[in-house]
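Respectively, the protein sequence lines represent chains A and B. For the first sequence, the working numbering puts the final residue at 454, and the numbers step up evenly by one. For the second sequence, the working numbering puts the final residue at 454, and the numbers step up evenly by one.
Take the hints with a grain of salt, since some may be wrong.
Which copy is meant is left open, because identical chains are indistinguishable; a pair holds if it fits in one copy or across any two.
Claimed, not checked - Under the rule of at most 30 Å between Cα atoms (straight-line distance), these lysine-lysine pairs were calculated in the DSSO-like manner: (1) Lys452 to Lys98; (2) Lys11 to Lys175; (3) Lys50 to Lys362; (4) Lys114 to Lys294; (5) Lys105 to Lys174; (6) Lys294 to Lys166.
None of these hints come from the bench; they were simulated from the model.
Number of protein chains: 2
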Amino acid sequence: MATDVVTMDKIVSLCKRRGFVFPSSEIYGGLGSSYDYGHYGVLLKNNVKAQWWRAMLQERDDIVALDSAIIQHPTTWRASGHLAGFTDPLIDCRTCKLRFRADKLGEEQCGRKPSVHPGEHEACSLTAARDFNLMFETTVGPVKEEGATVYLRPETAQGIFLNFKNYLQFSRKKPPFGIAQIGKSFRNEITTGNFIFRTREFEQMEMEFFVPPADAERWFEHWLEQRMNWYLELGIRPDHLHLRAHDQDELSHYSSATSDIEYLFPIGWQELEGIANRGDFDLRQHAEHSGQKLEYVDTADPSARYLPYVIEPAAGADRATLAFLVDAYDEDEIGGERRTVLRLHPLLSPVKVAVLPLVRKDGQPELAGEVYRELRHRVQAEYDDGGAIGRRYRRQDEIGTPWAVTIDHQSLEDRTVTLRDRDSLAQDRVAIDELAGEIEARLRAPWRSPKLG
Amino acid sequence: MATDVVTMDKIVSLCKRRGFVFPSSEIYGGLGSSYDYGHYGVLLKNNVKAQWWRAMLQERDDIVALDSAIIQHPTTWRASGHLAGFTDPLIDCRTCKLRFRADKLGEEQCGRKPSVHPGEHEACSLTAARDFNLMFETTVGPVKEEGATVYLRPETAQGIFLNFKNYLQFSRKKPPFGIAQIGKSFRNEITTGNFIFRTREFEQMEMEFFVPPADAERWFEHWLEQRMNWYLELGIRPDHLHLRAHDQDELSHYSSATSDIEYLFPIGWQELEGIANRGDFDLRQHAEHSGQKLEYVDTADPSARYLPYVIEPAAGADRATLAFLVDAYDEDEIGGERRTVLRLHPLLSPVKVAVLPLVRKDGQPELAGEVYRELRHRVQAEYDDGGAIGRRYRRQDEIGTPWAVTIDHQSLEDRTVTLRDRDSLAQDRVAIDELAGEIEARLRAPWRSPKLG
């Protein structure tokens, strides 16, 4: 970590400068802890989500997909326990009028004397703690008094439990099998911050894996390993990633075991993903509140009926995106010039290849345009003919483009181009006709972060 | 249309039976007009969205992406006109206690005498019409009275206008250029229905194309053509698609021209996508309300400054998905047996290839498993060894899988398989080593709906 050049400020600044992430509603002064993803941010996050789908759906035969509504029937949250228990204890200060989370009081700054150390509130007159529900509330129907009060989901998981029975029926799956979902969740937290690490509106990638109760521990271990490997294979350095098992007193009421995958952010070790053994808590609650039978019944042996246990790997798409950005960020020197470079796994890179004519004359832009239009059928590509070639390479390095194709004098003669590698800086001469195949082959090849040395 | 076998009931039934779409929160009795996408529905809709991104981003160099927050600064909606004008006129009946949209009263059924013709409300005692805002309202912050009232966005477009200035700065784009976004929007409508055609929570695919005012008409025509072609190239039959220009009295206050792309649903011609010339209305409004300059200034000629006009193709991802399902639905007979088949464009098909051992013995399942595991690295694949081969073909036909690989006796001897085509029913013998390449080549080939004859 000592040699790591990355800071949160550098990430935030790069994200704004190059259009990865902007503060939301900025022309109206912003809306606290809310962010919009710009062009390269959308492409990067879409790639993160696509790789999660790939690992969960495409490369396995025991997981199916779901996309449930954000607004669900309100009884959902009574059954799940969110209505009663999804709260933060808040403390008001009568003097400085600020509001603090009781459990974070020791880290908060007094509003009257912000210069003193965090947690020193002797100038304050604090109320007792009161519980605030973190769910956003709204009303369906035309008139408030008559409409049903509903909630924006605080997690995507419950939509999966509500559909469990449907999946048993249509999918011909039986435990062990999983249901995976990507979607937005909303939490009305007062403590947010650290850029896109914690926001009120965020995107989750959750999977509920239903197993025979006796196999729950084995599958819990399976998913710890699978999910760690996902981050590692996509280039996160092993020494920036670890598993942390929850202590007994940290565990949620529904969980008999939870481990967090933590990443070493510039703000310290923080949760990237939680993997929990939820037992049969959720299915039991929804069976009770709905009056429906949610047991799995073995068609071959109808006496074998049980409520499956659930192993849940719950990841944050925004946090994962931030971790990949942080881990990829690097600075080095080329020919005496300082360079910022995102050493992203090529599968995650927003743009796979840039096409650059060396000079803006002699037929080079025309040939480069032809190459670009051919490549973009296959991968996300960019054409750039503005400015010195070194500067154009820097622009692509900074957004993590793994390869750049340069069209030069020789290209016009023999229809070959140079293919430059972002990390090794190697320049290979490749025939234009073989370019798309070469890039697709490189995309499929195993990859190892150059930061690992 | 006379020979078309599709009805909305058949689509709804197929969607539930095969896990494309379920009514949301069904175990709690449902939540009106709310749906969850099941496994094949997620895959299909993801493909629809991926093809939109492909057409908007990957295959063009003049459009960039955005993913803005659902909850934006509330002034957004004052500036856009939604707070004042995004309303439905509602009429109450004092007798039957129902509520009707004033402009749809002629189509609504009386609650007391539902047997009489729609629009006959002589048994009713109707109030005058009152305006009701369609935006969902909620509160940010822990206490309602103190928190800011905010809204769930009723359209994704405004997030684009709020970020226009950011994009001028980072993207080095100048008009004509566009910003594209896919995301959820929410409208608290009382008139919903027709399956996923109109729901309170829905996903939009919107693009705002910023142009010099003098070029607006030309670009409007360009986008009409582009968007029509998008549906046609993805297999929608030309006689089920048309453009309908809005009459002068139908136009929104901000638009000087709007045309709808309409599709012939089983419920009749309905809007699939609207293409509008919004002029400079939105940028002008946000410039006024924010006090920011939102003009484009030409760096080469700073006297050339103007508020760009905006051409907006606004499509619904759910409607598009429904249209592709409806258009693909077919029934025919094979060997005397009735078959339901989704003749989806292969790029849209949830599963690209199914791998089926002819029998569950003689080493066929082992070889089929090997083939399946190889193919799934490249495309979404499915393995199925359950039941007679004909039944397994039917299952894949019904979800629109374009190709099925069958491993038979001969496969064990010469490592070839049959590759069956969903539509032509042709069975080609292909070497296992060439299978992935063959399928990828077929996916890239131009496609024409067999329903076109």
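The hints, checked one at a time:
1. Lys452 to Lys98: Answer is neither; intra-copy 47 Å and inter-copy 68 Å both fail.
2. Lys11 to Lys175: Classified as between: cross-chain Cα gap 27 Å, same-chain 48 Å, threshold 30 Å.
3. Lys50 to Lys362: For Lys50 and Lys362, the Cα distance exceeds 30 Å both inside one copy (41 Å) and across copies (38 Å).
4. Lys114 to Lys294: neither (57 Å within a copy, 38 Å between copies)
5. Lys105 to Lys174: Answer is neither: 44 Å inside a copy and 45 Å across each miss the 30 Å cutoff.
6. Lys294 to Lys166: within (8 Å within a copy, 54 Å between copies)
Figure legend: structure checked against the earlier numbered hints; hints not met, in rising order: 1, 3, 4, 5.
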